[in-house]
Amino acid sequence: MSQVSETTVDRPVDTSHMKVSSTNVAIEVIGMHKWYSDFHVLRDINLKVMEGERIVIAGPSGSGKSTLIRCINRLEEHQEGQIIVNGTELTADLKRIDEVRREVGMVFQHFNLFPHLTILENLTLAPIWVRGIPKAEAEATAMHYLERVKIPEQALKYPGQLSGGQQQRVAIARSLCMQPKIMLFDEPTSALDPEMVKEVLEVMISLAEEGMTMICVTHEMGFARQVANRVIFMDQGQIIEQNEPEAFFSNPQHERTKLFLSQILH
Amino acid sequence: MTDFGFVRADMVPSKPAPINTSGVGAWFRKNLFATPLDGVLTILGLVFLVWIVPPLYNFFIGHAVGPGGTVEECRLENAGACWAYISSEMEFFIYGFYDIPEQWRPNIVFALGALLLIPLLIPKVPFKRTNAVLFLLVFPVVSYFLLAGGVFGLKPIPTEKWGGLLVTLIISVVGISCSFPLGIILALGRQSKMPVIKTLCIAFIELIRAVPLITILFMASIMLPLFMPQGTTVDKLLRALVGVTLFTSAYMAEVVRGGLQAIPRGQYEAGASLGLGYWQRMYFIILPQALKHVIPGIVNNFISLFKDTSLVYIVGMKDLLEAVKTKNDTALEWQSANTATTGYLFAAMVFWVFCFGMSRYSMYMERRLNTGYKR
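If you read the sequences in order, they're chains A and B. Residue 134 in numbering that gives the first Met the number 0 sits at position 135 of the first sequence, with consecutive numbering throughout. Residue 251 in numbering that gives the first Met the number 0 sits at position 252 of the second sequence, with consecutive numbering throughout.
It should be emphasised that the hints constitute simulated quantities derived from the structure, not laboratory data. Incorrect hints may appear among the rest.
Claimed, not checked - List time: in silico BS3-like cross-link candidates among lysine-lysine, alpha-carbon distance up to 30 Å:
#	chain 1	residue 1	chain 2	residue 2
1	A	134	B	127
2	A	180	A	149
3	B	14	A	156
4	A	156	A	134
5	A	149	A	18
6	A	134	B	123
7	A	156	B	123
8	A	149	A	197
9	A	180	A	156
10	A	156	B	127
11	B	160	B	235
12	B	235	B	326
13	A	18	A	47
14	A	180	A	18
15	A	94	B	197
16	A	94	B	192
17	B	324	B	235
What the hints assert, rightly or not - Quick list of simulated restraints, FRET-style, between CB atoms:
#	chain 1	residue 1	chain 2	residue 2	range
18	A	98	B	264	16 to 24 Å
19	A	98	B	261	26 to 34 Å
20	B	263	A	135	27 to 35 Å
21	A	193	B	26	46 to 54 Å
A virtual CB, placed ideally from N, CA and C, is assigned to each residue, including glycine.
Start from the sequences and build out the full structure, keeping to the hints where you can.
This is the structure in structure tokens:
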């Protein structure tokens, strides 16, 4: 799980044109706490994500990184503080939760494709039934995104017939078909063979280049360096340090961050 | 240079797998006489077949009295099965006491049922939705009015007169098509986060499962009228239908729950993260996978239900088995050594045909739905 990879893509990634909005807030987390029964898993999380930001969250296992992004689309419930996504505050109100989930895509470590549906059906299910888009139009959109992740020829196969890297690219395309404003990545390459990591990172980079707001929990430090505009380091359910990638990697401030980086970078 | 250094020059092309068996002799050696013990078992098996097959053949076919035969032939010393008895009493076995001139009505119901059910079961036939609506909503209504009569100038025939295979099929078809959705809803309710719904579902399931079907049928026929206002009666057939449906749905719920538990949490989460609501998630993502996992258990319940229909004699319905028993006991003109045996054999064969059919169809469906994981 906590393999750290330095995989990068071969081409240079130019982040200069990736605009971060200075006024539009995508996600705001204010004084948020979460408990798993008695265990205080997230403590006083404060985080403001502007539109167009590419944020990488790093940290040791059990530091609460995944739990944090799962709170953002309410796969996990928080007990204290506020989470506001696209101006909608997440509460127990199911309507609001669905509203947020429509605009926030999520990619999981284990892909979570629907094994009983074809790739095309995986991609069109939510657009048709959540957005009410006609089937033909949803299929055209799906094919567009499959081409973007470079596997249009797999459209009629079942997930079980694809490699891990292909499945993860389908999962990304499935989220994109809902045309979300924000994408959450929960260790998207951790379950992949080393040879397949790159093809998934390539898709994520091209998304970043188009200005998608992204939060990625990942151990891909090469990706963080190339793509992120901000790296957040978490430990014991708290944000320990955050900075621009260059400064984060070359000049970490907190002792815990230094220790973490010394162990993963050689 | 070390002696283990190696660089492959050519890739090895794939070639066909070797054929390890050749000819009948090899097959026999491998499958029947691989070891001395295998040989002994094979020979014992053959001896058993030689011992059992000829008498069975003689009883069922060789010395049996065919459909055109007379009771005198059935009474002969060596006579086998008395099929003549079955064919002469067939009407009673199928329709019970249903008025003979009106038997075209159940016939239409049978034909209509087959006409709607068969295309529903064949995956390639189109218009599945229309077909399902016709079979599950229109067909029961049409059948009821056709069978019960009292409208359109049809002679009213009370359900007490219905019987035989007709009743067996009505109870099983209604039982299966009602208990299946009810079971799914109970299973979902049992997993609900809402405490009231959850408690109600658990209470219902645990109560019904803890009681034998016979008791439920007794309750329905003897206890229910006691609670009803004086003078109201609930139809016997309806009581049996409700009893059988509730009983099976409790079992069905537990089977479906097993399937739901086999679905990884990630499937729920993926559906939720796409913005799909609870019922959409269940209908499109969770249930198709969960039900596929538990097809054997579901069909097991269907088969039990089909066989349990014979318990409705408790409330005084004459299902197929009870119809056969009644004739065995009362048809004095057909009395012979093998009459009763033949009657029960006939009932057993009818039950077997339906249950075996369900079993084979479920295996076919399992193979067909196995798309998700095949490579």
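(request) Find the hints from earlier in the document that the structure breaks and name them by number, from lowest to highest. (result) none
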